[in-house]
Structures are given as structure tokens and as C-alpha cells.
Amino acid sequence: MAKTYDYLFKLLLIGDSGVGKTSILFRFSEDAFNISFISTIGIDFKIRTIDLDGKKVKLQIWDTAGQERFRTITTAYYRGSMGIMLVYDVTNEKSFENIKNWIRNIEENASADVEKMILGNKCDLDSKRQVSKERGEQLAVEYQIKFVETSAKDSLNVEYAFYTLARDIKAKMEKKQEASNPPGARGGTHQLKSNDQQRKPPSWLSRCSIL
Amino acid sequence: MDDDLPTDFQVIVVGTGMVESIVAAACSRIGKNVLHLDSSDHYGGLWASYNFDGLQKFIKEVSEDPKRQEQVYNLSEKWYIEKDVSEEAEENKTDADPAKKIWSQTKFAAEYRKFNIDMTPKLLFSRGPLVELLISSNIARYAEFRCVTRVLTWLDDRLMPVPCSRADVFATDSVSILEKRQLMKMLTAIVGNTEEEMEQEFKDWNDKPFKDYLTHKGLTPNLIHYVLFAIAGGTDKMNCRDGVKESKKFLMSLGRYGNTPFLWPMYGSGELPQCFCRLCAVFGGVYCLNRPIDKVEHKVVDEGKSIVVIESKSKTLNCDHLVIGINECPKEMISPEPTESTDISKAVFVTNASIMPSEKEPLTLLRFPSLDGTDHAVTVLEVGPATGSCPKGLFVVYLITSKVTDAENDLMPYAQRIFDMNADQSETTEKPKCLWSVFYNVRDTSAPVASLVDNVHVCSGPDSGLDFDRAVEQAEQIFKKICPGEEFLPRAPDPEEIVFEDDAAPGPDFERTLEDEEEQKPEE
Ligand SMILES: Cc1cc2nc3c(=O)[nH]c(=O)nc-3n(C[C@H](O)[C@H](O)[C@H](O)COP(=O)(O)OP(=O)(O)OC[C@H]3O[C@@H](n4cnc5c(N)ncnc54)[C@H](O)[C@@H]3O)c2cc1C
Ligand SMILES: Nc1nc2c(ncn2[C@@H]2O[C@H](COP(=O)(O)OP(=O)(O)O)[C@@H](O)[C@H]2O)c(=O)[nH]1
Ligand SMILES: [Mg+2]
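Listed in order, the protein sequences are those of chains G and F. Heads up: the first sequence runs through residues 792 to 1002, numbered per my numbering. Heads up: the second sequence runs through residues 20 to 543, numbered per my numbering.
If we strip away everything but chain G, and leave its shape as in the complex, we get (with noise of 0.2 Å):
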């Protein structure tokens, strides 16, 4: 079969439980808001592809299944992500306090070069505003991570965000390929399918003429 794409992009969303991570994930994939069983079924990850500078990008965005709930995230989840949104939700101060901590749990178990991008969500909710844009941003500069304010409900800069993180992603691959060609990808590893040779005979079956 055919590739479609040109680059595979494994995405994470990280943040306390509330902030709008599935959400944004809806918003970016489904184009869609408010759906009413969001919490009833878990959403395990979407794709989207999209085009950046004539290369189609295949991003395939996990949520947490709620297991950032209790923190407690499975370090599986992490394996193998190039870049992850950090959430929280501007009406709830202890979300934005706890993005450090997300940073640390990230450091502790995501790859070194990860890219990453903070997003205040909700910012359509003005009136309850408890994080002010400025404080996102100073955080941000901390950690030399680029930030922007977002709403799922509003779709308000969720494109812009998901764009900006693959360019980022796209940007230091190239990179590193010019540095190390040809192109250092893992290579050999196996993800189990059901159509693998099921109906292959084991080799020791096949007849042994020769002997």
C-alpha cells in the first residue's frame, strides 16, 4: 500500500483533568464542540493530516484516557511522542500551577528532545478568568516553550497551535537528518497486525524436497 503521508507525527496532550485536552483534540480533528459522549467513551487518539510547506504530515494525536486524573499517566504513554501540547485552563489557577509539574513528569519520562507548547484553553471564558495571559506567557519564556491562548469551544487558535508544534517538530528533524544521513529512524521494531502471514505455515512445514 501506497505511503500517504511523508512524515508520522506521534502527538501527546498533557494537563490536569478539566482543562479541555479532549476537546481540542475534537476541535482539531472532528472540527466539532461539545460532544456529548466524550466522557462516556474514551477517545484513544486521532489523525489528522495536514500540509506543511508541500510535505503531507500525518499527526497522530493521543489523549490520556483520563489517566491524568489521578496522575497517574502510564510512562507507555509517553514512548515514542515528538511533541506535546501542555494544557491548562485559564479559570483555574491550580491547573497553570501544576504545569510544572507536567513539565517534570515529561522530563522524567518523555525523550529529551521532545518538542513542546503550552496552551491556556478557555479563554472564551473571560468573566472567570483566574491565569492572565501574561503569566502564560512568562511561563512560557521560562521555559523557552512557545505559548498561546486557546478555545475549543470557540475554535480559537487550536489550528494555529497544532501547525506551529509540527512545523517545530518537521523543522528539527530535517535538521538532525542533515546531520546524520541517512535519516537515523529505529527501524526494526514490529507493531502486531492481524494480516501479518496469519496463514503462512510455520517454515518447518513447507517440504524439505531438497534433503
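Hints listed in this document are in silico derivations from the structure and should not be mistaken for laboratory results. Any given hint could be a false lead.
Taking lysine to aspartate or glutamate pairs in the EDC-like style, the calculated list, with each CA pair at most 16 Å apart, reads [what the hints assert, rightly or not]:
id, chain 1, residue 1, chain 2, residue 2
1, G, 944, G, 821
2, G, 984, F, 339
3, G, 961, G, 842
4, F, 499, F, 473
5, F, 133, G, 898
6, F, 324, F, 347
7, F, 76, G, 899
8, G, 984, F, 473
9, G, 847, G, 969
10, F, 133, G, 904
11, G, 849, F, 515
12, F, 133, G, 899
13, G, 837, F, 515
14, G, 837, F, 516
15, F, 236, F, 187
The hints should help you fit chain F with the ligands onto chain G, whose structure is shown.
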């Protein structure tokens, strides 16, 4: 955060070991409301993988906490390298490639995150029950695997590759043409025969030693060694029935993914329980670590309905079924029937080269026949940086056997055969140098135990076997008791297959034009 933890569940699972995690996933998958807890701050229990820092914590915990010593004991950790590398040694090595660096304890600590060291390292048979389950349930998408590249044995005082595939048999020059023919005939008989043919062939042999059968068939001593120790993973005492069963399992798994029948999970076996936990969470399971259980009680409520009540961190939790790891389960809930068990001796080594160098990074299973003629073969697994187990330039090697005296006594003679235990790192030696080791015994809690209460289900701990088959089998049995008649882990849909119908926002208009579509595209 504690306050929004609900208190009533259909199923509460305590412990995140392999069996517990599979049961949690299976229950959640068919719509049960599941809470999954663990008393420690990480997933996996005795099935966990640790980075070097986590491993140090584990070692400290075991040496300080008498309760931990009920599961893990005789633990001894050893360094064979300096705390820091002297400038002098460093300078002598400047020309060398980074893979050949001189290691120190400080350098291990600096790269602690690159280690993933398993408490229960295990392989998957490519056509074994776990691979089939991962595929059929679609949980496979959470994991990645590498093929074991070779199977070795210890023969005539040295390491020897075991011909695995038909191509290997042809290629090897360690067996003669005549032997090749004998071997092929023998193995084809084991795989290819029908039930009746098998019955006929083995009816007089079943309880007799497999070795006698192989001898009777006229196999040469070398071939007997390959089949008995490496392919069947047996010992001199293995009976014919088991020998045939194990050989068949090995042979049937050939030719699916690589040159050997085995797969190794990337980043270690400890990833696998987490994959099942993720599925459980995706289907609504609630996760809470760091949550020790203080009390478990069985209660009969109205209309004779029986529930289990748990106290944890001064919170009361109720469930219809409790699934609990044997190490977490109150003793008074477990049936006192004695179970037969032999504890396990384990060791982990970090070395600076492979036990048998090869062009590409190897991933090795070595089946070491007993050196002293007893019934205790040793399983050796060697994994390298490509598996995510350790930094570049190092290998992690696991040794596992059944306990006779203690882990160090049981395993040191084997380690000495394949490693250089004392050499200076700058010397060139034939064998890889051991840089660090830990020996420990684990209590064998793998025998299934019955609970005294109908709706409490006890999960066994890790067994000393090579694969996860017993864990999968037990998990399915427990699931069937909790959810009789329900399907065990039916395929979870791919995200693309889930079609969302949004009630709030109306769908695209019937008459929407192409121009509208264009406008909807991201402005980039
Ligand atoms: C990824 C991540 C890592 C973090 N790591 C740390 C860390 O290492 N150290 C740290 O101090 N904070 C850490 N935090 C922050 C932590 O989660 C809390 O937000 C912070 O400790 C403040 O706690 P709190 O009591 O104000 O409120 P909460 O976060 O709401 O948690 C405390 C609540 O838990 C309940 N509770 C706590 N202990 C018990 C108990 N023994 N029995 C019964 N109920 C109890 C109480 O009801 C209380 O309301 C981390 C946060 C994140 C997101
Ligand atoms: N007003 C507003 N509400 C939002 C926004 N994003 C999410 N929400 C709401 O916040 C709640 C939590 O969102 P969810 O996506 O489930 O958060 P998660 O736990 O981080 O995945 C839901 O009720 C959402 O409808 C936003 O941008 N604006
Ligand atoms: Mg969510």
C-alpha cells in the same frame, strides 16, 4: 483530587500486575465500571520495568521494608566499576568511539533514564496466546516489539547458536548432512503429524524422558542437546509429553516475524500491563496509584446481594467483584490449601558487550543446561540499546532459574562462564565485562489460589516460565467468572472507525457548495 473519586464500582482491581491488568481491561471493555488501584506509585508491581533510578529505589525499599522481603529477598547489588572515572583513564580513551567509553557509577546515574530493567523479563511466542490476544483485542497498537535474533545454547564448554529455521539448519556447519536430515525428520514429525499420528507415535513414551525418546530415534548427542535444551527448553528429566508440547510451541511460532519464534517488548516486559491498563482507561476505567488498601470486607446487603467493601486512605469503596493481586490480598481471604512452589532465583547484569559479538545488535535467548547435572536449567536473556533497555555501549542480561540455595549461589557459576567478573574495563578480554549486578530471590506466587469469598478473585504473581501464557490463561478464567458468557477482550475499534454524531452542531448542509469546503480549510 481525592474527593472526586467515586465510591461505587462494579469491579475494583487492586494491583497492576499482568493478570490484574488484563482482567481490568477485559471487564472495562465490555462495559463494566472499573476502578484500578495500586499501592505503589508505578504500574506493574512485580512485573514492572525500572529505570536505573527507579531500580535503586526498589532495591532500597526491599532492603528496608520487611513486608517487601516477603516477596523479594536475598537481594545483593554489586558494582564492578569505580564511582568516577579518573582523568587518566579518560584520556587514554579519547580516540575510541563513544560506544566504547569507560563507564563509572556516575555515568550510569547520568544516563539513568535510558535504562529499562525488568523485574519479570519474559518473551512472547510469535503465535502464542498473548500475541494472538494483543492482535485480536487491538491492544497491539499500544506496543512495539523486537524479534529475538538468535537462540544460543551452552555445548562443550562454549556458546553455540542453535539452528532455528530450516534455512539455519541448512546453513550451519556444526551438524553434518546426515544429522540435518535426522533433525528435519524429527521436527517435521512433531509439527506436522495429525492427532492420531501423534497418539500412535508417542503412546509408549508420554511419561518417559524426552531424552530417551530422542535417543531411541537415533539422534546424535549434539542434536539431542539442541532439541532437548534449546528447542524444548527442557532438562534431562523432562518427560516426552512435555517435550513434544514445548517443541511444538517453539516450531509453530517460527516464520511469523523473524528468524526465531520469540518477540521482546520494546522498553521491557513492564510495558505490557500498562497497555492493558490504557485500554481499560479508554473504556472508562478509573486509575489511582499510590493507594494502599487498609481493609477488605465481605458484606451481604439487601436481598442477599453480596458486595466487597474496601477501606483505602480513609475512604470506603464498594464493588460487586474484587480482583486482587496475591501480594495485596489479606491472608484470611485466601484458602489455606497449600500450593506447591519453588521460589525463583534471579540476577540482572549490565555488561559492556554482547556475550557473543555479532555484526548487528543481537537480541539473545540462551538456554543454559544445568552445569551440575541437576534439574535446573538457567534461562538467559540479553537485550541491548535497540530495545530501549540501556544506553548505547551496554547490554542488560537476565539470568533466571529455580531456587536451590540462594540467587547468588545458584547463578554465579553460570555468570562466570559468560562474563568477565573482575577485569579492568580498559583491558581487552574475550568475554564481556560485568559492570554492575544484582541478585535476588522472588517468592513463587504463581500457583493459582482460591479465595474464600465468591466475589473476590486472587491473581497470581509472576511465574518463572519464559512466556506470559499462564498469566493470560488465568486472566481469562477470572474474567469468565466475573462476566459469564461475555466475550473476552473483543476487538476495540480503531479511532477512525468511531463516527461521531454531534447533536449540538448541525452537520454540513445538503446544499453546501465546493466553495464552502475550500473556506473551511486551515489557513496555512
Ligand atoms: C504530574 C504531577 C506531579 C506532581 N507531583 C507532586 C509532588 O511530587 N509533590 C507534591 O507535593 N505535589 C505534586 N503535585 C501537585 C499535587 O498533585 C497537588 O496538586 C499538590 O500537592 C497540592 O495538593 P492539595 O492538597 O492542595 O490538593 P489536591 O491535589 O487536590 O490533593 C490533595 C487531596 O487529596 C486528598 N488526600 C491527600 N492525601 C490524603 C490522605 N492521606 N488521605 C485521604 N485523603 C488524602 C485530600 O482530600 C486533598 O483534598 C503534582 C502534580 C502533578 C500534576
Ligand atoms: N468555555 C469553554 N469550555 C471548554 C473549553 N474546552 C473545554 N471546555 C469544557 O471543559 C470541560 C472539560 O473538557 P474536557 O475536554 O473533557 O477536558 P479534559 O479532561 O482535559 O479532557 C468540558 O465541559 C468542556 O465542554 C473551551 O475552550 N471553552
Ligand atoms: Mg479528557
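For each hint, the structure was consulted:
1. 944(G) to 821(G): holds (13 Å)
2. 984(G) to 339(F): violated (35 Å)
3. 961(G) to 842(G): Given that 16 Å is the threshold and the Cα spacing comes to 12 Å, the pair holds.
4. 499(F) to 473(F): holds (13 Å)
5. 133(F) to 898(G): holds (12 Å)
6. 324(F) to 347(F): Violated: residue 324(F) and residue 347(F) sit about 25 Å apart, past 16 Å.
7. 76(F) to 899(G): holds (15 Å)
8. 984(G) to 473(F): violated (38 Å)
9. 847(G) to 969(G): violated (19 Å)
10. 133(F) to 904(G): holds (13 Å)
11. 849(G) to 515(F): Given pair residue 849(G), residue 515(F) holds - Cα atoms ~13 Å apart, limit 16 Å.
12. 133(F) to 899(G): holds (11 Å)
13. 837(G) to 515(F): holds (7 Å)
14. 837(G) to 516(F): holds (11 Å)
15. 236(F) to 187(F): violated (22 Å)
Of the hints listed earlier, those the structure fails to meet are numbers 2, 6, 8, 9 and 15, in rising order.
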